[in-house]
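> Letter by letter, the chains look like this.
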Amino acid sequence: GDSVTQMEGPVTLSEEAFLTINCTYTATGYPSLFWYVQYPGEGLQLLLKATKADDKGSNKGFEATYRKETTSFHLEKGSVQVSDSAVYFCAQDSGGSNYKLTFGKGTLLTVNP
Amino acid sequence: DAGITQSPRHKVTETGTPVTLRCHQTENHRYMYWYRQDPGHGLRLIHYSYGVKDTDKGEVSDGYSVSRSKTEDFLLTLESATSSQTSVYFCAISESRGMYNEQFFGPGTRLTVL
Chain V
1 GDSVTQMEGP VTLSEEAFLT INCTYTATGY PSLFWYVQYP GEGLQLLLKA TKADDKGSNK
61 GFEATYRKET TSFHLEKGSV QVSDSAVYFC AQDSGGSNYK LTFGKGTLLT VNP
Chain G
114 DAGITQSPRH KVTETGTPVT LRCHQTENHR YMYWYRQDPG HGLRLIHYSY GVKDTDKGEV
174 SDGYSVSRSK TEDFLLTLES ATSSQTSVYF CAISESRGMY NEQFFGPGTR LTVL
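Protein chains in written order, with the working numbering: chain V, 1 to 113; chain G, 114 to 227.
In case anyone wonders, no lab produced these hints; they're calculated from the structure. It cannot be assumed that every hint is accurate.
[To be verified] Taking CB as the label site, the calculated pair distances span:
#: 1; chain 1: G; residue 1: H154; chain 2: V; residue 2: S85; range: 16 to 24 Å
#: 2; chain 1: G; residue 1: D167; chain 2: V; residue 2: L13; range: 42 to 50 Å
#: 3; chain 1: V; residue 1: S58; chain 2: G; residue 2: S209; range: 18 to 26 Å
#: 4; chain 1: V; residue 1: A53; chain 2: G; residue 2: H154; range: 27 to 35 Å
#: 5; chain 1: V; residue 1: Y30; chain 2: G; residue 2: G164; range: 20 to 28 Å
#: 6; chain 1: G; residue 1: S180; chain 2: V; residue 2: E42; range: 23 to 31 Å
#: 7; chain 1: G; residue 1: R122; chain 2: V; residue 2: S85; range: 19 to 27 Å
For glycine and all other residues, C-beta sits at the position ideal for the given N, C-alpha and C.
Construct the entire structure; sequences and hints are all you get.
What follows is the structure in structure tokens.
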């Protein structure tokens, strides 16, 4: 079945460092791809998405590009802040009519001042 | 904010007891989902619903049942709780955005089974 593999971390960075969190997927066809973020003590919320090959999703300084040829959707940010400390989940949709998502295992990011 | 609440927010129970978690939404969404979140496993789908009385299993459904007798409520029941069901449980709804659907999550229920 479908699966999503992402860097498990934890990742610890200093403020203003560059961030990359790798994500690859295995679905056939053309799934929509997502990054969700979970701040401490909260549920997940959508950070960005891409619905077709070569799309770039972006939000709050984060970016990810849908690469069909490498089945990847890596998350990047040029200069992280302490407030970016959270768990980040890569996800893909199932392509079916029930809009189910398959999530990666999550990557804990800690940004130190 | 998709108007999703979960109750209770925290629960401690004994092995072998039944437990019901409630997810309530206020915006008439058709699709609802129950996930569990565990370290090293991310989020895994337990059950989902695509309408009143229409439900189906996810990847980790053993030991869980669900019911949806009205649009706004989706109940998750552990008939006889086990320690392996200690987890954080999230409910979600799905909302159309045209080319994709976005899932919105509730605040979670932390369940401890002793």
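> Each of the hints needs a verdict: does it hold here or not?
Here is what the structure says about each hint:
Judged by the Cβ atoms, the range 16 to 24 Å given for G:H154 and V:S85 holds: they are separated by roughly 21 Å. Checked against the hint of 42 to 50 Å, the C-beta distance between G:D167 and V:L13 comes to roughly 45 Å, which is consistent with it. Taking the beta carbon of each, V:S58 and G:S209 are about 21 Å apart, inside 18 to 26 Å as hinted. Range check, V:A53 to G:H154: Cβ separation about 29 Å, and the 27 to 35 Å hint holds.
In this structure, V:Y30 and G:G164 meet the distance hint of 20 to 28 Å, their C-beta atoms being roughly 27 Å apart. Between G:S180 and V:E42 the C-beta distance comes to about 27 Å, which sits within the given range of 23 to 31 Å. Between G:R122 and V:S85 the C-beta distance comes to about 23 Å, which sits within the given range of 19 to 27 Å.
In terms of the numbered hints stated before, the structure departs from none.
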